[in-house]
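Chemist: Single-letter residue listing:
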Amino acid sequence: MTRSAAARAALALAVLVPLLVLAALAGLSLGAGNASIANALRGVEPDATLVFRLRLPRVLLAAEVGAALSIAGATLQALLRNPLADPFVFGLSGGAAIGAALAVAAGGTVVGTATVAAASWAGLLPAQLSAVLGALAAALLVVALGRSRGQLRPERALLVGVVFNSFASALVLSLEAILAPEKTQAVLLWLSGTLGYETGPVLSAAAVSVLLPALVLTALAGRLNLLALGEEGAAALGIDVEATRLICFIASSAAVGAAVALTGLVGFVGLVVPHAVRLFVGPDHRVVLPASAVGGAAFLVLADAAARLLFRGLGAEPPVGAVTAVVGAPLFVFLLRRRA
Amino acid sequence: MSDPALELAEVHFRHPGASGDAVSGARLRMDPGEIVGVVGPNAAGKSTLARIAAMLLVPSSGLVRLAGTDARELSRRERARRVAFLAQDEPGDLPFTAREIALMGRAPHLGLWALEGESDRAQAQAALEELDAAHLSDRPVSQLSGGERKRVYLARTFAQGAPILVLDEPTDALDLRHQAQLVEALRDRARRGGCALLVMHDLSLAGSACDRVVLLDQGKIAAAGTPAEVLRAEILERVYRARLDVFAHPRSGRPLVTVKITPGTA
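First to last, the sequence lines map onto chains E and X. Residue 0 is where the first sequence starts when you use numbering that gives the first Met the number 0, and the numbers rise one by one after that. Residue 0 is where the second sequence starts when you use numbering that gives the first Met the number 0, and the numbers rise one by one after that.
No lab work stands behind these hints, which were simulated from the structure alone. Worth double-checking, as some hints may not be accurate.
Claimed, not checked - Output of the computed footprint for chain E on chain X, the stretches with three or more beta carbons under 8 Å from beta carbons of chain E:
id: 1; region: 2 to 13
id: 2; region: 71 to 78
id: 3; region: 104 to 111
Computed from a prediction, not measured in an experiment: that's the story for all the values here. Ideal Cβ placement from N, Cα and C applies to all residues, glycine included.
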C-alpha cells in the first residue's frame, strides 16, 4: 500500500458510506411490521408515519450513538495502548449506573424533584441526566487518580477505571436490594442500552456533540499514531503528549457522554468496530478514526433493525445493547483469532 | 567564531527522587559537520546526556543552546525540526509498517490533520534506502529482526530532516556491514553540514567513526577530545575499572580498544 493516508481514508469511506446508507434503508423498512419506503415517500399511510415519524429518528439516533462509541473506542485503545479498552473503560459505565440508580432512589425527595425539572429542561429523563453526571464524575475521578507526578498515566487510569466499574456494580446491586425492584428494573433495562424515540432538537444536539469530537479526534489522529512510539518518542517528534492525551480524552468523553445520555450503555460497539476496521485498513488512525465512525454508525443501525425484527419472534423488543453484545462478543473473539 | 550547532553549558540533571546528579556540570559543543561520540561505563549518564541534548529532559540547571538560541525559547515543533532523536529501545511490537514509521519522522513538518505530501513521502523513501531498509517498507515493524527494526527507526530520524541527530546506541544490533553503512551515511550528512551525537559502547567503532569523543564517568565528563586524546589505556582503565589494551590501527592510527582476558586453558 503506497497510497497516502488521505487517499486510503477516502477509499475506506467510499466503501463504508454506501454500507451505512444500505443499513439505514434496512432500518427504515424493517421492524415489527414491514413498511415500504416507496409508499412512505408517496405519503401513503401508515407507511409514512411509520418510516418518517417513528423509524427515521431511531435510525438517526442509532447512527449518532454508533459513531460516537466507535470513534471513542478507537481513540481510547490508542490512548491506553490497550486493545481491550472500550468507551466505558474510564469508569464511565460504573458512574452512569450509580447516577441512574441514585435518580431512582431520590425519586419523591427534593433532590429528585429538582433532577426531574433539570432533566425535562434538557429533554431527558431524570435517570438519563443523572447517568451522564455520574459518568462524567467517574471519569474525572479516574483521571485524577490515574495521574502521577502531574501526568496522566494511561496504564494507571485503566486499572483505576476497571476497579471503579466493579466497585460501582457492587454498589448498584446493593441499592437494588434496598429499593423496590419494579422501580429499578426499568432503569437497569435502560442502562443496558436502549434506543428510544427522541425529538428533533435532541437529535440535533446529539449530532453536534458527536460530530464536533469526531472532527477534533480525526484532526489529532496523526498525533495518536505518534503516541504509539511512547511518550518520549512522540515528544521527540514535537508532540505535546500531555495536551494531546487530555484533548483526546475530553473529546471522546463528550461523545460517549452524549451517547450514554440517550441510550444508556450500549456495549461492544466501541470494542468490536475499531478492531474490525483495523483488520481492513491497517493501524493508521487517520484512516481508522473516520472509518470507525461510519462503520460504527452502520453497525448500530443494523443492530437496532435486528432488535425490532426480534419483536416478531419474541413478542418483546430486546434492548439494542443485548443485541450488540450477543453479536459483538463472538465477533470480537473471531477478530482476535484472525489477527493472531 | 560562529555559534555551535548544539551547546550544553554547565548542565546538571537529577532524576526526581534521586539522591545525586545523573549528569553533573556537563559542557559540550558540537559544530556543524562534526560527529561526536559519548562513551562511558554503564549508568555513567550517557543516555541522560543524550536526552538533555535532544531536549527531552529539562536540565535542573544550565543551558541547552541550538545555533546560539536558548532551547527553552523554541516550540516543541521547532526543536523537533532541528534535532532528531533515536532512543536506545524504540518499541518493537507496533503494527505500523516500516514506511509508516519512516513517515512519522515528517510529523514536525506537517500541519493539522497531519497529511503528508509527495515530498514527505520521497524523503521517507530516501531515508529507508539510505539505511538499506527500503525492501522492508510494507512489513510491520513487529515482524522485523532487531537490526532491521533499528534501521527503520534510524530512517525515521533521517527522514525528520533535522540538522542535528542525537542517537542513543545507533549501532547496537546492527551487523558489521550496516554499522559501516550507518557511519558512511552520517559522514555524508556531516559533509553537508549536519552533525551527530552518538552514544556508543563499542570504543573502537567510536574511535573510528567520531571526530571527537566525550568520556562520561558517574555523570561527569572525565575526558573530551579527539579519539587519540581520550581513548588511552591509562584513562579508560581508570574509568571502566577494567584491564584494557589500546592499539593504534595500522593504517589510520585510530585507537583500537580491547579487553584483556586471560586466555582459557581449554
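Chemist: Please go over all the hints and tell whether each is borne out by the structure.
Modeler: Evaluated hints:
no.: 1; hint: 2 to 13; in the structure: violated (count 0)
no.: 2; hint: 71 to 78; in the structure: holds (count 5)
no.: 3; hint: 104 to 111; in the structure: holds (count 5)
Comparing the model with each earlier hint shows a violation of hint 1 alone; every other hint is respected.
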